[in-house]
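Number of protein chains: 4
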Amino acid sequence: MSGPIKTAVVGATGYAGFELARLLLRHPKLAAPLFFGRDTGETGADLGKVFPHISGNGAHRLLPLSLEEIEKHELDLLFFATPHELSREWIPQAIARGLRVVDLSGAWRLKSASHRAVYGFDEGNDSAAKLADTAVYGLPEIHHNRLHDARLVANPGCYATSVILALAPLVRAGLVASDHGVVCDCKSGVSGAGKQPTPRTHFVEVAENLSVYSAFGHRHTGEILEQVGLGEDQLTFTPHLLPIARGILSTIYVRLKEPVDAATIEQCLRNFYSGCSWVRVFSPPQLPQIQYCTRTNYCDLGFNLSPDGGRLVLVSCLDNLLKGAAGQAVQNMNVMYGWGEREGLN
Amino acid sequence: MSGPIKTAVVGATGYAGFELARLLLRHPKLAAPLFFGRDTGETGADLGKVFPHISGNGAHRLLPLSLEEIEKHELDLLFFATPHELSREWIPQAIARGLRVVDLSGAWRLKSASHRAVYGFDEGNDSAAKLADTAVYGLPEIHHNRLHDARLVANPGCYATSVILALAPLVRAGLVASDHGVVCDCKSGVSGAGKQPTPRTHFVEVAENLSVYSAFGHRHTGEILEQVGLGEDQLTFTPHLLPIARGILSTIYVRLKEPVDAATIEQCLRNFYSGCSWVRVFSPPQLPQIQYCTRTNYCDLGFNLSPDGGRLVLVSCLDNLLKGAAGQAVQNMNVMYGWGEREGLN
Amino acid sequence: MSGPIKTAVVGATGYAGFELARLLLRHPKLAAPLFFGRDTGETGADLGKVFPHISGNGAHRLLPLSLEEIEKHELDLLFFATPHELSREWIPQAIARGLRVVDLSGAWRLKSASHRAVYGFDEGNDSAAKLADTAVYGLPEIHHNRLHDARLVANPGCYATSVILALAPLVRAGLVASDHGVVCDCKSGVSGAGKQPTPRTHFVEVAENLSVYSAFGHRHTGEILEQVGLGEDQLTFTPHLLPIARGILSTIYVRLKEPVDAATIEQCLRNFYSGCSWVRVFSPPQLPQIQYCTRTNYCDLGFNLSPDGGRLVLVSCLDNLLKGAAGQAVQNMNVMYGWGEREGLN
Amino acid sequence: MSGPIKTAVVGATGYAGFELARLLLRHPKLAAPLFFGRDTGETGADLGKVFPHISGNGAHRLLPLSLEEIEKHELDLLFFATPHELSREWIPQAIARGLRVVDLSGAWRLKSASHRAVYGFDEGNDSAAKLADTAVYGLPEIHHNRLHDARLVANPGCYATSVILALAPLVRAGLVASDHGVVCDCKSGVSGAGKQPTPRTHFVEVAENLSVYSAFGHRHTGEILEQVGLGEDQLTFTPHLLPIARGILSTIYVRLKEPVDAATIEQCLRNFYSGCSWVRVFSPPQLPQIQYCTRTNYCDLGFNLSPDGGRLVLVSCLDNLLKGAAGQAVQNMNVMYGWGEREGLN
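Note that the protein sequences, when read in sequence, are chains A, B, C and D. First residue of the first sequence: 1, per our numbering; consecutive thereafter. First residue of the second sequence: 1, per our numbering; consecutive thereafter. First residue of the third sequence: 1, per our numbering; consecutive thereafter. First residue of the fourth sequence: 1, per our numbering; consecutive thereafter.
Since the hints were derived computationally from the structure, they do not count as laboratory data.
All copies of an identical chain are treated as equivalent in the list; a pair is satisfied when it fits inside any one copy or across any two copies.
In silico DMTMM-like pairs for lysine to aspartate or glutamate, Cα to Cα no more than 20 Å straight-line:
hint, residue 1, residue 2
1, 6, 71
2, 130, 89
3, 49, 266
All values derive from a computational prediction rather than experimental measurement.
Construct the complete structure from the given sequences, taking the supplied hints into account.
See below:
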C-alpha cells in the first residue's frame, strides 16, 4: 500500500465516536480522517461545534452519510461508532464496495444464533448472516493473527473486554472450577450509556448513587460466554452504573479446581499477555484502580487469592471509551495494517 | 378554623414537587395531602413508583388534574410545582373557586411589566394581570405581614432567595454604593434545572465540569431588582451549573458608600433577621458552605470585608429544593395560617 | 422509669457520632443529650464549631471524657462512637457503674475467638472477655427479644448489616447452596472510612475512581459469618470505595439448592421482615438503589433470579451512617426501652 | 547546543510534579528526564510505585535531592515542583552551578516587597533578593521575549494565569474602568490544593459542597496586580473549592470606560493572542467550560457583554495542573530553548 491510509468515522458525534476522532487526528500513519454524522441534522456542521474540546485545531466538517460520499473519498477503512441497527444496515454495503470496516457496535460480535437473539436481527437476511460469520472479534490479545486479513472487525463491548481479558488465561489454563459458577460484578462510568439524554443518565439520578441494571440480561453476556468458553448457567454478570464519567472496574469471582499459590496465577496471566502492549498485570496485593488507566488504552489486571488458595478475586480495569471502544478500534487497525500496537495510542 | 387543613400538590413528580410532597406528608397541622400529576400519563400511578424513596409509607395515588377533582376534595390550599405556563393557566381558576394557592413557578412573582416580558405572558389577559397585582412575593423574612391574608403567594426563585436575603438588609440600611455595581456570582446544583433529561443535565456533561449559563439573561434577575430595589444596570447576575445535585452558593460583591468595620455589617444582618427562624448569620471570618445547609430550610449568610473596609464579599447558601423551593413554600403556608415558622420543617 | 431518659454520645465529633448527636437532639423520648469529645483537645469547644450544620440550634458543649463527668450527669445510656480500642477501655467501666451502653465500634460484636483475632484484643483480660460474652449483637430485626434487657449492645458494622439482612432469611430457610460459595461484592461511600484525612480519602484519589480494598481481610467478615451461619471458606466479601459521601450497595450472589421461582424468594424475605419497620423489600424486577435510602434508616432489599431459577442476585442498600451506624443505634435504644421502632427516626 | 537537553524534576511525587514527569517523559527534544523526591523517605522508590498510572513504562527511580546528584548528572534544566520554602532554599544553589531553572512555586514570582510579604521570606537575604529581581515571570503569552535568556523562570500560579490572560489585553487596551473595581470570582478543582491529605481535601468535605476560602487573602493576588497593573483596592479575588479533581473557571467582572460592542472585545482578545498556540478565544454567546480544556494546555477565554455594552463578564478556563502548572512549565522550556510552543504538549 502506497501513501497514508484514508479513514473515516461514521458517528463521530457520540462519545466513543468523538474519542475515536481525536485518536485518528493524531495518528502518524493516517491521512486526515473524515467524519460522518449519524443523521442529516448534524451534517455540514463542524465537529468542533459539537465538541468545543477540539476547537482551535482547524475545521472538521461532518459529512452526510451516503454511499456516494464514501466512494468519492476513496477510503480504505471505515469505523462505525453507531447504534447496531445502523451498523447492520450500512456495513454490508461498505464491505461490498471493498472497504475494510471496524464496527464499534454489537452488530457483528456474536457467533451463536441464540446469543444473537437479544439484538433482534433479521436472521433471514442471508448476506448479513454470511458476513457475520466472517467477522473477526476484535480483541487483539486473543485474535491477533486473524486481524491481518480481516475485512470486518467487530470491536468488543467494553464490559466484555474487561471480563474476557481477565478470565480467558485462567479458563484456558484449566484452573477454573466453572461448575461452581463465575461471578462478574462490573461497574461502569456513565459515558458507556451513550450521549443521548435519558432519565437514567440525568446527573441528579447518578450522582451520590449506585444502581444495578440489566441483571441476567445484559447484551455483552453472549460475547463473554463465546470468547471465554463458558456455558449459559456458569456465568453471572451484573452491571452497575457508577457516578463517574468514564472507566470500568470488573470484580470477578472464581473458584479454582484445586488450591494454588499466587505465583501460579500471576505467571499464568503474565505468560498469556507476554508481548502484549496494552495489558498490565499487577502483582498482589496491589490491585488496579480505575484512576490508573482512565485516558489510556490499558486494560489493568490484578488479583487476590483466599488464604486457602481456593478462591480467586480478579480485578480488571479499563477506560470504557478507549480500551473499551475507540482505543481498541485503533489497536485493531494497527494490527490490521501491520503497524506497532502502540502506534497513535501513547 | 376547625380541623386540619386540606392541601394538595400539583406537579408532585418533579424534584421540587416531590420534596414538597415529603414535607407535607409529615407536617403536623395537615390532613393527608393529595397529589396531582402534571399530565394524564402519570395519573393513576403511585407516587412511590416514580420516587421509590417513599415506598413503604403507604400508597399515594397521583390524581388527574381537573377542576372537578379539585372541588371534590374540598381543598383549602393548593401548591403548584409546575412550569409557569401551567401555573398561569390553572391558578386563576383555583383562586376563583375560593382556594388559596402557593405557586412555585415564576408565573406571579414580578410586578413590573418590563421584567415580566421575559416570560412572554399574554398581558392582554386582564384577569391574570389583575391577579398578578394581588400576588404576594413569598419571602417570609420580608413580606411576613402580607402573607396572613394572601390568596396567591408567589414562591420566590431559588437564586433570587439567596441573593435577596443577602442584599436587602444592606441596601435598605443605605450602606451599598450601588452605582459601582453589585455582582452576584451564583452557583447551583443540577436539581435546579428540573427533572426533564436534557443534554445540559447529562451526567457526563456536568461531572468534572463547571459552566456559566444565561449570563445577562436569567429570569430571576427581575425578582432580585424588584425586591432589593436596584436598577437594571446596577446588578450583574451570573448563574453557574455545579457538579452537585442540590445546593446554591451565591458570592455577592458590593462596594460600600464609606468604609465600615465588620461589626457594622454583622449587626445590620443580625438586626434584620432577628426573630427569623430560617436565616443563620455567620460571624467572619467563618463563611457558609453548601454542605452546612443542604437538606435544611436555612438560608446561611456570611461575609468578609476588605482590609480597607470598602469592599464586601457576601456569601449566601441554601438548598435550592428547600429554602429555594419546597421548604419556603411550607414556610409561607405556616405564616399564612398563623402557625410557627418552623412547623413541619425541622 | 419516670421522666425522660438521659443519654450521651462519646465521640460526637466523628461522622457517625455527629449523625447520632443529630438524631438524639430531636428524639421525643429523651432529655437533652450530652456530648463527650474523644480527646481533651476537643473538649470545651461547641459541637457547632466542628459541625456548623447544627449552629443556630443553641450551644452543645463537648464535655471531657472522665468517669467523674459520666457519674455527675446521672446518665442512663451511653453511646460510644469511638475507635474500638477506646470502646474496649471505657465501656467496662461504664457498665460497672450501672449504665447501659450501645457501642458503634467493633469491640464487642464477635463471639468466636478466631474472628476476634483480627482486632488484636488482649484476650487474657478476663472482665472484658466476660463482658463480650454478654453483649447483644444489635441487629433488631434478628435479636429483637434479647435487646430489652441488654446492658451492652454491640451495634453492627455497616457492611455487615447490609449483607446479613439480605442473607439471613434465605440461609435460615435452607434455600442457599452454601458449598458453592456466597459472593458479597460491597460498595461503600467514603464517610464509612471515617473523618480522619488519609491519602485514601483525599478527594482527588476518590473522585472519578473506584477501588477494591481489604479483599479477603475486612474486619466485618467475622460478624457476617457468625450471624448468618456460614463457614470461613463459604463466603467471599470484597469491599469497594465509591466516589460518593454516603451509602452502601451490596450485590450478593447465591446459588440455590434447587431452582425456585421469584415469588418464593420474595415471600421468604417478606415473611422474615413482617412487622419490621426499617426493612423494605422490593418486588423484582425493581431493585434498590443507594439514592432511595440515603438519609433514611431503611435497609432496602431486592433481587433478580436467573431464568433457570438457580442463581440469585440480591441487592441490599442502606445509609452507612444511619442503618449502618447511628440510625441503627437509635433503633436499638428504641427496642431496649420498649418504644416504637420508628421513634425519632422518621 | 549539541544533543538532547538533560532535565530533572524536583518533587515529582506531588500532583503537579507528576504531571510534569509525564510530559517530560514523552517530550521529543529531551533526554530521559530524572526525578528527585522531596525528602529522603521517597528516594530509592520507583515513581511508578507512587503513581501506578505510569507502571509498565519502565523504571523511574526517585533520586535523593543533593548538590552532588545534581552535578553528577550534568543537567541543563531543573524544574522545581516543591513548596516555596524548598524552592527558596535550593534554587540559588542550582543557579550558582550554572543550571537553568523553572520553579512552579510562588518563591520567585513577585516583584514588589509588599506583595512578597505574604510569603514571609527573609528579605535580608541579599543573594535571594537579587535573584528574585532577575527571575522572569513565566507567562509566555506576555513575557515571551524575556524567556530566551532567562536563567530562572517563575512559573505563574494557576489562578493567576487564568485571570491575567483574561484581563491583561483589556486593561492594556485602556478599556477597563478600574476605579469601579474588577471582581475575579474563581473556582478550582481540588488537585490545586496539593496531594497532602487535609480536612479540607477529605472527599466527604468536598463532594456535594462548594466553599469559599482565602477571601481577600490569597497569595496569587500580588501576581495578578503586578502583571495586570491594578492597584490593591481595584481587584477583588475570591477563590472557591469545586467538587472536581482538576480545572479552574474564573468569572471576571469588569466595568468598561465606555460602552462598546462585542466585536471590539473579541478583536482586542484575538489580536493580543494572535500567534499564541495555547490561548483559544470563544465567540459570544458561546463560553468556555472546564470540560473543554481539562487534560490540555489551553487557556480558553470567552465573554458576554451586557445589553448596554457597559458591563463585561469574562470567563477563563484552564487545567490547573497543565496550563496552570506543569504544561506551562513545559511551554516555558520550549520558549527558553527556541522550540515550537506546542512541542511535547499535544
